[in-house]
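Engineer: Kindly generate the complete structure, drawing on both the sequences and the hints.
Protein chains: 2
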Amino acid sequence: MAHLSEKKLDSKLIFDGRILRVELDTVELEDGTHATRELVRHPGGVCVLAVTEQEEILLVRQLRYPYQEVTAEIPAGKLEYGEDPEACGRRELLEECGCTPDSFTYLGKVYPTPAYTSEVIRMYLAKGLHFSSQSLDAGEFLDVERVPFEEALRRVMHDEIPDSKSQIAILRYAAMRSKQV
Amino acid sequence: MAHLSEKKLDSKLIFDGRILRVELDTVELEDGTHATRELVRHPGGVCVLAVTEQEEILLVRQLRYPYQEVTAEIPAGKLEYGEDPEACGRRELLEECGCTPDSFTYLGKVYPTPAYTSEVIRMYLAKGLHFSSQSLDAGEFLDVERVPFEEALRRVMHDEIPDSKSQIAILRYAAMRSKQV
Numbered sequence: 097m098a099h100l101s102e103k104k105l106d107s108k109l110i111f112d113g114r115i116l117r118v119e120l121d122t123v124e125l126e127d128g129t130h131a132t133r134e135l136v137r138h139p140g141g142v143c144v145l146a147v148t149e150q151e152e153i154l155l156v157r158q159l160r161y162p163y164q165e166v167t168a169e170i171p172a173g174k175l176e177y178g179e180d181p182e183a184c185g186r187r188e189l190l191e192e193c194g195c196t197p198d199s200f201t202y203l204g205k206v207y208p209t210p211a212y213t214s215e216v217i218r219m220y221l222a223k224g225l226h227f228s229s230q231s232l233d234a235g236e237f238l239d240v241e242r243v244p245f246e247e248a249l250r251r252v253m254h255d256e257i258p259d260s261k262s263q264i265a266i267l268r269y270a271a272m273r274s275k276q277v
Numbered sequence: 097m098a099h100l101s102e103k104k105l106d107s108k109l110i111f112d113g114r115i116l117r118v119e120l121d122t123v124e125l126e127d128g129t130h131a132t133r134e135l136v137r138h139p140g141g142v143c144v145l146a147v148t149e150q151e152e153i154l155l156v157r158q159l160r161y162p163y164q165e166v167t168a169e170i171p172a173g174k175l176e177y178g179e180d181p182e183a184c185g186r187r188e189l190l191e192e193c194g195c196t197p198d199s200f201t202y203l204g205k206v207y208p209t210p211a212y213t214s215e216v217i218r219m220y221l222a223k224g225l226h227f228s229s230q231s232l233d234a235g236e237f238l239d240v241e242r243v244p245f246e247e248a249l250r251r252v253m254h255d256e257i258p259d260s261k262s263q264i265a266i267l268r269y270a271a272m273r274s275k276q277v
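Protein chains in written order, with my numbering: chain L, 97 to 277; chain H, 97 to 277.
Simulated from the structure, these hints should not be mistaken for lab results.
Listed below are the simulated BS3-like cross-link pairs for lysine-lysine, each with C-alpha atoms no more than 27 angstroms apart in a straight line:
no., chain 1, residue 1, chain 2, residue 2
1, H, 174, L, 108
2, L, 205, H, 205
3, H, 108, L, 174
4, L, 205, L, 275
5, H, 174, L, 205
6, L, 205, L, 174
7, L, 174, H, 103
8, L, 205, L, 223
9, L, 223, L, 275
10, H, 205, H, 275
11, L, 108, H, 108
12, H, 275, L, 205
13, H, 275, H, 223
14, L, 174, L, 223
15, H, 205, L, 275
16, H, 223, H, 174
17, L, 275, H, 275
A few chain L residues that don't get close to chain H, going by computed Cβ distances all over 10 angstroms:
no., residue
18, 151
19, 223
20, 229
21, 244
Backbone N, C-alpha and C define an ideal beta-carbon position, used for all residues, glycine too.
Structural biologist: Structure, rendered in structure tokens:
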């Protein structure tokens, strides 16, 4: 076996849910020993850093059930299997924030927790925003706020925006801005 | 029901693994309708941005099974239930990189993917590094590299370090440095 490689010996489907698919695999390691891998498959997600002309960003407040906590995050959503990520990002921005952008550019990707999930989150930067009204899915409840970018960055640095994709999009945009200065 | 709240009606244990615990909950939403929540419980993790006197950082290269890809990430590990996060971070830095720090300070927290996991990752900044030899767990295979900080930041901005916790720790440190200038 090559260094830093593993060979799948067996895969057992544990759960095939509406969003998650959980598998328990058995693998051979590079020293010939065996190990198990607990694996969550996810269709992937998209998030959008939407920046107004006044350099405010849009944040969405919603209950995050696993933490029993209302968090502030940038607008985001789950890909349908086979959906184009950019189309998904534009759709989520419109549904959650009632917002259509003039420009929509790729900002980067995130592996949220690579030890056990296959999820890939793609980030976009939206500018030139036109606002109409929210059109949430049934069973979706969230509030939208506009926050000056410097305040959003302060919140990231003070652990008030713990969500990974939101921190990364805000911090990358801060790095891009500081290079322009 | 209060706005942005959900009431748990039922919880079914799907899988109780070595690392993950998967639950399928039924909840009542604020409009009285019912929904399911697919939930992955995880004991939490710790990661360490270790910075040398030459402003290099330590990166760990290892296979990430869900992506079938060798990634570069900052040193990290899973908390044992009840373990002190700082002690866990010091232990992982020693085991993976053979490294003992003079200073070890809290850098922030991350919710990697809050829609479905309860995992919290705590980040630390390690400085004043003393090197001895790696002491990996059985079945753990990884390589360590030292990378100048500016090069690590360039890699983050070019999608070469997709791991969420590594991006956040590197970008927060960049933001802290740029404010010192």
